[in-house]
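Novice: I would like the entire structure built from these sequences, with the hints used as guidance.
Okay, so the sequence shown: first residue is 1 according to my numbering, each after it adds one.
Worth flagging that the hints you see were computed from the coordinates, not collected in a lab.
Treat the hints with care, as some may be off.
Stated by the list, open to error - Per label pair, the in silico range of CB-to-CB distance:
id, residue 1, residue 2, range
1, ILE170, ASP378, 49 to 57 Å
2, VAL236, GLU278, 37 to 45 Å
3, ASP154, MET387, 37 to 45 Å
4, ASN401, GLU340, 38 to 46 Å
5, ARG255, THR398, 32 to 40 Å
6, SER209, MET387, 49 to 57 Å
7, ARG255, ASN219, 32 to 40 Å
As the list claims (entries may be wrong) - Straight line, CA to CA, 20 Å or less: simulated PhoX-like cross-link-like pairs of lysine-lysine:
id, residue 1, residue 2
8, LYS404, LYS330
9, LYS187, LYS232
10, LYS376, LYS404
Keep in mind it's a predicted model, so treat the numbers as computed, not measured.
Ideal Cβ placement from N, Cα and C applies to all residues, glycine included.
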Amino acid sequence: MKKYYLILLIFSVLVALGCTRQTFTDKVAVEQDIRDNSIDEREIKEKSESNENLVNPDNQENSSEAVPFSPPLPENNEEKVIRQYRESPEIPSEKESAGLPSCENAIFTVAPVELGNVYDITPLGNIGPPGHTFPTEHTHIHLTSGGSSSRLYDLFAPTDVYITSISRGIGYTQDPEDYTIYFALCKDVIGYYNHVKSLSPDMQKIFSSGNCRQNPGDNKYTYCENNLNFIKAGSVMGNVGRMQGNFDFGLIDIRKSNKFVNPSRYGIRSLHIQCPFEYYPMDMRNKFFDIIKRNDDEQCGTVMQDVPGSLQGNWFLGDARADNGMDWDKHLAFVSDPLEPSFKIVSIGGTFTEAGEWKFKPIISGQTNRIFSDVKADENIYCYEGMEQNGKVLVQMTSSNELKIERLDGRCSGNNAFRNPTLYSR
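Specialist: Structure (structure tokens):
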């Protein structure tokens, strides 16, 4: 009999050890799954509950005695979460940014071209549908009237910069080719020149050594990512001018955000566009501002003009995006004139009528040419007449982010009722 009880005791111990070993093995498996991010929280919970029941089969009736399973927290390894690749081709990745200078006290020190050769500067927010139905995100620096000269002007690095990307387009303007150059000033600030007509020998080498690609079936546009090649302040980067006579100067500051009503409709560049002249010392900044033919508190102009809950700002047809060039004709904007901000513009990319800008002097009451920020989803139909267009544009906000619009013949004093409106949203 003693031998029988001894065998039974040994058997019970072995069973208990087996359960404990199984419980330990399952816990290790769960921990490994967590490290590998291969199971979700629900699976972790199920496995945890299963293990608790192995330890205490009466867990549900006696939860106070259960030993809860607490999986270890993942290691705080920053390298794992640092973005290795570029979110947008012209913006350095987080890993690349780590090797760039700090942006504290970083400024431009050299004008892009000799300012004595500049006769005009168009501020941010220029309107020119269909290509620029929304306020333009960069300034235009004018050297000659378009088509009047083939002269080239040296283009300078505005400070010590690091080239992030160079692209080339063939046959897109009246000149044979155009280049766009993006360059980092520091970790979070990226400037760019567009409509560069030729590259300096050093820049040509950088372009040729980049990671380049073309769109399938289109050899007219080449886009290259570059490895933050260093260019010293004041170095000649290329030439601008030629038949076009102007070029673009823009800036992105990742530290600052534009508060569009629906940011998901925009690319990273649009969300962080700023005035490039604001990044010069005060005396140089004022030289640029003196050339701009605009006199108000926003001398450099504005890009983001959305006012939530009102008509003012950018609107889209269907699922159109701001950063898709194929969607230009689906854009619609109710914004200020870039040079005369007291005047307002209905900027139409196309679709429901031909592309164009309907400019007018706004009224602060009534339903004709009403200032955009006053127009709400109040069931009223508002009517707009341009200074140079025939006909009228009817608009009605049906919700805070939806509207109906239609172009009709006649004046606003007539019958303002829709016939076949088009729907926009944002």
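Novice: With reference to the structure, classify each hint as holding or not holding.
Specialist: These are the hints, each one checked on the structure:
{"no.": "1", "hint": "ILE170 with ASP378: 49 to 57 Å", "verdict": "51 Å, holds"}
{"no.": "2", "hint": "VAL236 with GLU278: 37 to 45 Å", "verdict": "25 Å, violated"}
{"no.": "3", "hint": "ASP154 with MET387: 37 to 45 Å", "verdict": "40 Å, holds"}
{"no.": "4", "hint": "ASN401 with GLU340: 38 to 46 Å", "verdict": "29 Å, violated"}
{"no.": "5", "hint": "ARG255 with THR398: 32 to 40 Å", "verdict": "37 Å, holds"}
{"no.": "6", "hint": "SER209 with MET387: 49 to 57 Å", "verdict": "51 Å, holds"}
{"no.": "7", "hint": "ARG255 with ASN219: 32 to 40 Å", "verdict": "38 Å, holds"}
{"no.": "8", "hint": "LYS404 with LYS330", "verdict": "14 Å, holds"}
{"no.": "9", "hint": "LYS187 with LYS232", "verdict": "17 Å, holds"}
{"no.": "10", "hint": "LYS376 with LYS404", "verdict": "12 Å, holds"}
The structure shown violates the earlier hints numbered 2 and 4.
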